[in-house]
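Novice: Here is what each chain is made of, one letter per residue.
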Amino acid sequence: MNLGLGLNATGLLSLGSISGPARLIRPSDIGVLFDASNRARLFSNPVDTLPVTTPGQSVAFVPDLGPLGMHATQATHSARPTWEVDEQGRGYLAFDGIDDGLQTPTLAWGTGQATLVVAIRKDSDAARGIVLVGKGSQVFVIEAPHGVGVASLAVGHQGANVLRRDAVVSGQPAPVSCVIAGTCDLAGSVVTMRLNGVPQTSNTAATDGGVFLNSPLILGRRGAGSLAFTGRIHQIFAVNRLLPTAEIEQVERWMRSKSGAF
Amino acid sequence: MRITLACPEGLIEDANALLSVLGDGPADASTFGAAAWQDARGLSYALASWRDAGDFAARAGAALTAPAWPCDMAAALRAQEALTFGGAARAQAIVGVEGLAPQAAIQHLGVTLIETSQD
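Respectively, the protein sequence lines represent chains A and B.
Take the position in the first sequence, starting the count at 1, then add 1368; the result is the number in my numbering.
Take the position in the second sequence, starting the count at 1, then add 7; the result is the number in my numbering.
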């Protein structure tokens, strides 16, 4: 086990273990790992002093288990997801599809590449829902669903030409639990999507390159607060490079074991 | 208990003042964001939904005490006057729904998300 030493949101020195997919975030990388399965890591206030103790409590602080400590927080009470437990005792964050969302500090992404993996349960197809997105014009995104009343999932990216390019998988009506993995490569104009460990689709429409802008990561809604996701978020992993397939599979297997998503 | 509130666009500032008074901190003055929902008549609303200890209605109906952070108490009092529970979203009222799951509350309020552009 590697030990990670970092500063928490209150500026206090904390010692935590770096394990699982966090190991794939190398010292030269920018990336995050969130895991809602363990309530001991979650807090009901944004300065990590009030631990979440029971299902149904709102969550204001989700620690980044990666080496950078880019913790996700929510200062506004009504916009906090709640921590819940499924029938198998697995913890998750429940997003209400109205206003819930969490946000990290700004990540200096620095590249036009991203590998994104999330374990979720989509509970509604009524409106577009954002699982993960940055702020600004050059971003990556995971949506569930991808459109209004559409039983779809999508990984998208937007490069220098500011046109969204999406890899979309249809035929996934809510409720559906899954692990979505996507790769975004602005220079190569390729966005790909895997579902439950199986390659699904890609989009190779031109992005005109560029890099993803320095931005916070928003979990559960768009930056401005709209397009709120309805459902469960179990785990989120993101890194600013294209992981080899074997490493993506490693993250997928870890999320599968943690979430039971497939 | 889950609380869901529908606030007409014109009352968002007042409603945010009320939630700031009743809330945990100054960030609760941002409870209501954009008016992204509309009713059948096309009136726009901002929605907020959260779980509380079951005492929100009582606290919202009691005498307001100024919080430790800056807050427009006159606006909060106007919002308190406009707050009501039950029924569909409507103009000139901040309508609350208690005890319903988020999607059921949205249905009860009779609002739908306003379509937005792709990005």
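Don't take each hint at face value.
What the hints assert, rightly or not - Residues from chain B that keep clear of chain A, each with C-beta distances beyond 10 Å, as calculated:
hint, residue
1, Gly32
2, Ser37
3, Ala69
4, Leu71
5, Ala73
6, Ala75
7, Asp79
8, Gly94
9, Ala100
10, Pro109
11, Ile113
12, Leu120
13, Glu122
Said to hold, decoys possible - To give a feel for the contact side, a few chain B residues facing chain A, derived at Cβ under 7 Å:
hint, residue
14, Asp31
15, Ala43
16, Thr91
Unchecked claim - Sample of chain B residues lacking proximity to chain A, with all beta carbon distances greater than 12 Å (derived):
hint, residue
17, Pro33
18, Ala34
19, Asp35
20, Ala36
21, Gly40
22, Ala41
23, Ala53
24, Ala70
25, Pro77
26, Leu84
27, Glu88
28, Glu105
29, Gln110
30, Ala112
Just so you know, these hints were derived from the structure itself, not from any lab.
Every residue, glycine too, gets a C-beta built ideally from N, C-alpha and C.
Novice: If a hint holds in the structure, say so; if it does not, say that too.
Specialist: Hints, verified against the model:
1. Some Cβ of chain A comes within 10 Å of the Cβ of glycine 32/B; the nearest lies about 7 Å off, and the non-interface call is violated.
2. Under the 10 Å C-beta cut-off, the non-interface status given to serine 37/B relative to chain A is violated; the minimum distance is some 5 Å.
3. Every CB of chain A is more than 10 Å from the CB of alanine 69/B (nearest about 18 Å), matching its label as outside the interface.
4. Separation of leucine 71/B from chain A is adequate, the least Cβ-Cβ distance of about 17 Å exceeding the 10 Å criterion.
5. The claim that alanine 73/B lies off the interface holds: its Cβ sits roughly 18 Å from the closest Cβ of chain A, which is beyond the 10 Å cut-off.
6. Consistency note on alanine 75/B: stated as away from chain A, and its beta-carbon is indeed over 10 Å from all of that chain's, at 15 Å minimum.
7. Every Cβ of chain A is farther than 10 Å from the Cβ of aspartate 79/B; the closest lies at roughly 17 Å, confirming the non-interface assignment.
8. No beta-carbon of chain A comes within 10 Å of the beta-carbon of glycine 94/B; the shortest separation is about 18 Å.
9. At roughly 18 Å, the least C-beta separation between alanine 100/B and chain A is larger than 10 Å, which holds for a residue marked as non-interface.
10. With a least CB separation of 4 Å from chain A, proline 109/B falls inside the 10 Å interface cut-off, contrary to its annotation.
11. Remark: the non-interface label on isoleucine 113/B conflicts with the geometry, its nearest Cβ contact in chain A lying 7 Å away (cut-off 10 Å).
12. Consistency note on leucine 120/B: stated as away from chain A, yet its beta-carbon is not over 10 Å from all of that chain's, at 4 Å minimum.
13. Not every beta carbon of chain A lies more than 10 Å from that of glutamate 122/B, the smallest distance being close to 7 Å; the non-interface claim is violated.
14. Nearest Cβ of chain A to the Cβ of aspartate 31/B: about 5 Å, under the 7 Å cut. The hint holds.
15. Hint status for alanine 43/B relative to chain A: holds, with the closest Cβ pair at about 5 Å, below 7 Å.
16. The closest approach between the C-beta of threonine 91/B and any C-beta of chain A is roughly 18 Å, which is over the 7 Å cut-off, so the hint fails.
17. At the 12 Å boundary, the C-beta of proline 33/B falls inside the reach of chain A, the nearest C-beta of that chain being 8 Å off.
18. For alanine 34/B, the condition that its CB be more than 12 Å from all CB atoms of chain A is violated, with the nearest at approximately 3 Å.
19. A beta-carbon of chain A comes within 12 Å of the beta-carbon of aspartate 35/B; the shortest separation is about 5 Å.
20. Some Cβ of chain A comes within 12 Å of the Cβ of alanine 36/B; the nearest lies about 8 Å off, and the non-interface call is violated.
21. The claim that glycine 40/B lies off the interface is violated: its Cβ sits roughly 4 Å from the closest Cβ of chain A, which falls inside the 12 Å cut-off.
22. Distance check on alanine 41/B: its Cβ comes as close as 6 Å (rounded) to a Cβ of chain A, failing to clear the 12 Å threshold; non-interface status is violated.
23. Not every C-beta of chain A lies more than 12 Å from that of alanine 53/B, the closest at about 9 Å, which undercuts listing it as non-interface.
24. No beta-carbon of chain A comes within 12 Å of the beta-carbon of alanine 70/B; the shortest separation is about 21 Å.
25. With a least beta-carbon separation of about 15 Å from chain A, proline 77/B lies farther than 12 Å from that chain, consistent with its non-interface assignment.
26. Consistency note on leucine 84/B: stated as away from chain A, and its beta-carbon is indeed over 12 Å from all of that chain's, at 20 Å minimum.
27. Glutamate 88/B, annotated as away from the interface, keeps every beta carbon of chain A farther than 12 Å; the closest lies near 21 Å.
28. For glutamate 105/B, the condition that its CB be more than 12 Å from all CB atoms of chain A holds, with the nearest at approximately 14 Å.
29. For glutamine 110/B, the shortest C-beta to C-beta distance to chain A comes to about 6 Å, within the 12 Å cut-off, and the non-interface label is violated.
30. At roughly 8 Å from the closest C-beta of chain A, the C-beta of alanine 112/B falls inside 12 Å, breaking its exclusion from the interface.
Checked against the numbered hints listed earlier, the structure breaks hints 1, 2, 10, 11, 12, 13, 16, 17, 18, 19, 20, 21, 22, 23, 29, 30; every other hint is satisfied.
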